[in-house]
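Residue numbers for the sequence shown follow this note's numbering, so the first one is 1 and each next one is one higher.
Because the hints were derived from the structure by calculation, they are not lab data. Don't take each hint at face value.
The following label-pair restraints were derived from C-beta to C-beta distances [to be verified]:
| # | residue 1 | residue 2 | range |
| --- | --- | --- | --- |
| 1 | Phe621 | Arg529 | 40 to 48 Å |
| 2 | Lys269 | Leu674 | 51 to 59 Å |
| 3 | Glu452 | Asp352 | 15 to 23 Å |
| 4 | Asn676 | Ser572 | 30 to 38 Å |
| 5 | Tyr841 | Tyr194 | 22 to 30 Å |
| 6 | Glu273 | Arg529 | 31 to 39 Å |
| 7 | Lys159 | Asn650 | 32 to 40 Å |
| 8 | Leu767 | Glu136 | 15 to 23 Å |
| 9 | Tyr194 | Ser366 | 44 to 52 Å |
| 10 | Leu725 | Val687 | 26 to 34 Å |
| 11 | Asp352 | Asn676 | 34 to 42 Å |
| 12 | Ala580 | Val687 | 42 to 50 Å |
| 13 | Tyr372 | Lys405 | 23 to 31 Å |
| 14 | Ser366 | Glu534 | 45 to 53 Å |
Each residue gets a CB set at the ideal place from its N, CA and C atoms; glycine is no exception.
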Amino acid sequence: MIKKQIILFSLLFPALHFSQKNDSLKPGITTSISFTIENRTTEAKNYDLSVESSSPFITPILKSGSISLTAKESKIYIVPLKIAAEAPQGKYSVIVNGKDHSTKEKLVYTSELIIFGNRKISLTTLDYPEFVKAGEKITSTFLLKNNGNISENLILESKNAIVDHPPKLMLSAGESKIISVIRKTSVDLGKNEYQNVNLTVYSDGNFSQNQTAYSTTKIISVKPVEDDIYYRVPVSASMSFIGMENRGSYEDGFQGELYGKGSIDQENKNLVEFRAITKNPVAFNSFTRYEEYFANYKRKNLWVHLGDKNYSSSFLTEYARYGRGGEIQIDLKKISFGGFYNHPRFFRDIKDEFNMYSKLKITKESEVTAGYLLKIPRTESPEINFTNLRLDSNAHLPYIAAKFKLNKNIELSGETSYSKTEKTDGNAFMVQTAANFEKIKGNALYMRASPEYAGYFNNTSTFNGSLQYQLSKRINVMANYVQDAKNFQRDTLFLAAPYRKFLQYGIQYKYAKYGNLLLSNGSQRYQDRLMPREFDYKENFFRATIDQQIGIFQINLETQLGKTKNYLTGFSGNSSFYTANIGFEKFKTSFNIYGSYALTSRYQLQNQKQVYYGVRILSRFSDKTHFSLFYQNNYMPEDYYSDRNLFELNFHRQIFPGHEFDLSTRYNLQRGELGNKDFMFSLRYTVKMNLPSQKIADYTTLSGNIKNLGVKKTDGIRLAMGNHLTITDKRGNYIFKNVIPGEYVLEIDRSTTEMNDIPDINLPASLILNEQENFFNFGLTTAANIHGRIEYTETESKSAFAQLTIQKVKKKIENLVIEATNGNQTYRKIAVIGEHFDFTYLRPGNWKVKVYRNGLDKKFKIPIDQYEFELKPNEIKNIIFSVIKQSSEIKYQQESIRVTYNENRKQK
Numbered sequence: 001m002i003k004k005q006i007i008l009f010s011l012l013f014p015a016l017h018f019s020q021k022n023d024s025l026k027p028g029i030t031t032s033i034s035f036t037i038e039n040r041t042t043e044a045k046n047y048d049l050s051v052e053s054s055s056p057f058i059t060p061i062l063k064s065g066s067i068s069l070t071a072k073e074s075k076i077y078i079v080p081l082k083i084a085a086e087a088p089q090g091k092y093s094v095i096v097n098g099k100d101h102s103t104k105e106k107l108v109y110t111s112e113l114i115i116f117g118n119r120k121i122s123l124t125t126l127d128y129p130e131f132v133k134a135g136e137k138i139t140s141t142f143l144l145k146n147n148g149n150i151s152e153n154l155i156l157e158s159k160n161a162i163v164d165h166p167p168k169l170m171l172s173a174g175e176s177k178i179i180s181v182i183r184k185t186s187v188d189l190g191k192n193e194y195q196n197v198n199l200t201v202y203s204d205g206n207f208s209q210n211q212t213a214y215s216t217t218k219i220i221s222v223k224p225v226e227d228d229i230y231y232r233v234p235v236s237a238s239m240s241f242i243g244m245e246n247r248g249s250y251e252d253g254f255q256g257e258l259y260g261k262g263s264i265d266q267e268n269k270n271l272v273e274f275r276a277i278t279k280n281p282v283a284f285n286s287f288t289r290y291e292e293y294f295a296n297y298k299r300k301n302l303w304v305h306l307g308d309k310n311y312s313s314s315f316l317t318e319y320a321r322y323g324r325g326g327e328i329q330i331d332l333k334k335i336s337f338g339g340f341y342n343h344p345r346f347f348r349d350i351k352d353e354f355n356m357y358s359k360l361k362i363t364k365e366s367e368v369t370a371g372y373l374l375k376i377p378r379t380e381s382p383e384i385n386f387t388n389l390r391l392d393s394n395a396h397l398p399y400i401a402a403k404f405k406l407n408k409n410i411e412l413s414g415e416t417s418y419s420k421t422e423k424t425d426g427n428a429f430m431v432q433t434a435a436n437f438e439k440i441k442g443n444a445l446y447m448r449a450s451p452e453y454a455g456y457f458n459n460t461s462t463f464n465g466s467l468q469y470q471l472s473k474r475i476n477v478m479a480n481y482v483q484d485a486k487n488f489q490r491d492t493l494f495l496a497a498p499y500r501k502f503l504q505y506g507i508q509y510k511y512a513k514y515g516n517l518l519l520s521n522g523s524q525r526y527q528d529r530l531m532p533r534e535f536d537y538k539e540n541f542f543r544a545t546i547d548q549q550i551g552i553f554q555i556n557l558e559t560q561l562g563k564t565k566n567y568l569t570g571f572s573g574n575s576s577f578y579t580a581n582i583g584f585e586k587f588k589t590s591f592n593i594y595g596s597y598a599l600t601s602r603y604q605l606q607n608q609k610q611v612y613y614g615v616r617i618l619s620r621f622s623d624k625t626h627f628s629l630f631y632q633n634n635y636m637p638e639d640y641y642s643d644r645n646l647f648e649l650n651f652h653r654q655i656f657p658g659h660e661f662d663l664s665t666r667y668n669l670q671r672g673e674l675g676n677k678d679f680m681f682s683l684r685y686t687v688k689m690n691l692p693s694q695k696i697a698d699y700t701t702l703s704g705n706i707k708n709l710g711v712k713k714t715d716g717i718r719l720a721m722g723n724h725l726t727i728t729d730k731r732g733n734y735i736f737k738n739v740i741p742g743e744y745v746l747e748i749d750r751s752t753t754e755m756n757d758i759p760d761i762n763l764p765a766s767l768i769l770n771e772q773e774n775f776f777n778f779g780l781t782t783a784a785n786i787h788g789r790i791e792y793t794e795t796e797s798k799s800a801f802a803q804l805t806i807q808k809v810k811k812k813i814e815n816l817v818i819e820a821t822n823g824n825q826t827y828r829k830i831a832v833i834g835e836h837f838d839f840t841y842l843r844p845g846n847w848k849v850k851v852y853r854n855g856l857d858k859k860f861k862i863p864i865d866q867y868e869f870e871l872k873p874n875e876i877k878n879i880i881f882s883v884i885k886q887s888s889e890i891k892y893q894q895e896s897i898r899v900t901y902n903e904n905r906k907q908k
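Produce the entire structure from the sequences given, and follow the hints as far as they go.
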């Protein structure tokens, strides 16, 4: 009795609570709703009741019944319901129809209920290859299922592969889909490696909740680059044929080059670099290579250089002097010292130089250097003087340089030096500082050298500085000042740039994410250092510059308006420049187009018109081929100290690995020339090699035996391991000789075995070979198979209580996941209920086959969901999984429920 009361209460409580109200329910449950049936007449009534719903997903467990009511009586009538798991979100109705036995009077009661939305997407890795060869495709399949009751608009993407399906997918409630993801592997892969394939799925508009599944496959190189038993240094050797039309005279010839750089030992403790370039067959030009020979060696605390380079002692004494000599540096952590000898190649006034120095490291970014430089002048041609200062004897130049990090924002450095010859004394100093704060940044350098100072600078001073202040995120205020040194002992290899005194100050406004506007004012003084001078002027100017990116186009527009005082001709006038520069990239090619119009009073004529235009194209056809083209009609006179290209064409092609071909041709204006053009071309062939420097390993062997486990033969079977091949003998023995130690993958060529033969281990197999003898044995047996079927049945159970009757509705196709595994290998397949499945070419041994519900409704039962058995060679194992649809039942109280109302009346 107590048990029945508990059941009654559990049914009545929700009925009384939700009766005649909207009910919100989850899909996939069994519940009940209640209706209050009233007899408002004064006679007893007997009604026949029937129940129906507005959707096939809402199934009444009791579709019919009867009820008896006395006069003015009301009773609760409970309707149990089964809500399908795939019932869509929304509002539904349950209707109770009643008919009186005697009068045939009809009554209708309706109750509404709401099914909640249930979002549940599952993504499972289904199948993928364990191994593929380089150049082949990795195809991984993933099972995507909508286990909710809402149709999902899904987005599919993979970060490292191609999804073999449109990126957007509509998946209905309960629907599943197999998605294939394909990743192409490179045929040029040099080493075996693992590669992942991933698939990410998320609902459109709901990017935070996503699901990702992965698979991992080992890639077997088909062009393996085996580990070398020698450690090697990369070296390139090239031969060029160069031709040049030089000021009306044609020259040509060959020039060779050998260059190498790298470590000579496996631990990377000893680094070397060397270069040898033969004599230039044509007149020197900045676009050709000049003769050069050098070699250097570096170890932890030692650096040694022999040959040609730019030698430098300090900023004041010898800033840069190209020559042939030797240099050594020794670093002992806190203290370092060194020195060099240099015989200048392009500065005739100095015959030899000797330098020595020591450095004290105070902190990580603070140090003090003290040194001494000796300059020995040439004495064989005293009448020739190449610079404004001639040494009368040996020059002695002691110097001290220091650099200090005062705090995290300010750096200070400087140098002072003294020079002495037999007849003159001189001195020089330099101070430099840099500051970097959140809002303000700046740097400044001041240098001064006395008239008799015998260093790199003499009888000159210079000041350079810049300042930038950030007013806001979009606005910066800036100023720059440059004053070149007038007298310095430069190499005669190139001409000197014009003397310049330049001041500019302005404001920069970032008006858009990819747009900047710069407005500036300033003055500049340019003076030609060569005689006769081509220009000498001072100019005050206003400049406006716009940088803007529009789509793929990068646009730069600049306007400059100025007042020019021409010291060369004595007149003054206006100078204006209008410049446009447009760049963009398309089809692996970058384009840059330049144009400028000038009306200037800087040179020989007042209001002289000048038009400059040009184009640069850089194209990379492939990783092995690229091409460039440059053209510019002319250059401003201020640039005539350097070699200038008017037309240039370059083509590079890698013929095959390690062999490259370059073609270069150009028209140019040589330094000092304003109108006479010269032609030059070069054909260059380069071979890249790796020369052995240290033996790091010995060859090894791999041998083994293929045991016959019931197959026809084990002889004549071909095995592959990287670039190595071998064939088994009559007894199934094999051997790989002269193999470099390392990691390999051993494969069997199935074309040399019977169709159904299978190794008793996983092949391909990863092996690590050491320097000793290596052994690897395995057997060859006959493959087995598993055949199976998913059977579907429906049952009815009898009970003393009410039972859900089975509706004859269209059966929905359900998919299950079948997994077969032996511990080392796992295979999965999708199987349809009522159909067959199989697993073929399986290795004999212990296997386990398991079925996964894959979101199968709870009303379906799988009594046996896995099998474990031993597969024998050449066996076909048959198995059956049964899926049983169970009848749902609900127990309820058989007696009627009587509901009465008490009326309390107040009596006066």
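Now for the hints, and whether the structure bears them out:
1. Phe621 with Arg529: 40 to 48 Å: About 44 Å separates the Cβ atoms of Phe621 and Arg529, which means 40 to 48 Å holds.
2. Lys269 with Leu674: 51 to 59 Å: For Lys269 and Leu674 the Cβ distance comes to about 54 Å; the hint holds.
3. Glu452 with Asp352: 15 to 23 Å: At 21 Å between Cβs, range holds.
4. Asn676 with Ser572: 30 to 38 Å: holds (32 Å)
5. Tyr841 with Tyr194: 22 to 30 Å: holds (24 Å)
6. Glu273 with Arg529: 31 to 39 Å: holds (35 Å)
7. Lys159 with Asn650: 32 to 40 Å: Between Lys159 and Asn650, where Cβ atoms are some 36 Å apart, the hint holds.
8. Leu767 with Glu136: 15 to 23 Å: Holds - the Cβ-Cβ distance for Leu767 and Glu136, about 21 Å, lies within 15 to 23 Å.
9. Tyr194 with Ser366: 44 to 52 Å: holds (48 Å)
10. Leu725 with Val687: 26 to 34 Å: Between Leu725 and Val687, where Cβ atoms are some 29 Å apart, the hint holds.
11. Asp352 with Asn676: 34 to 42 Å: holds (37 Å)
12. Ala580 with Val687: 42 to 50 Å: holds (44 Å)
13. Tyr372 with Lys405: 23 to 31 Å: 26 Å Cβ-Cβ, so the 23 to 31 Å window holds.
14. Ser366 with Glu534: 45 to 53 Å: Cβ of Ser366 to Cβ of Glu534: about 46 Å, so the range 45 to 53 Å holds.
Checked against the numbered hints above, the structure violates none of them.
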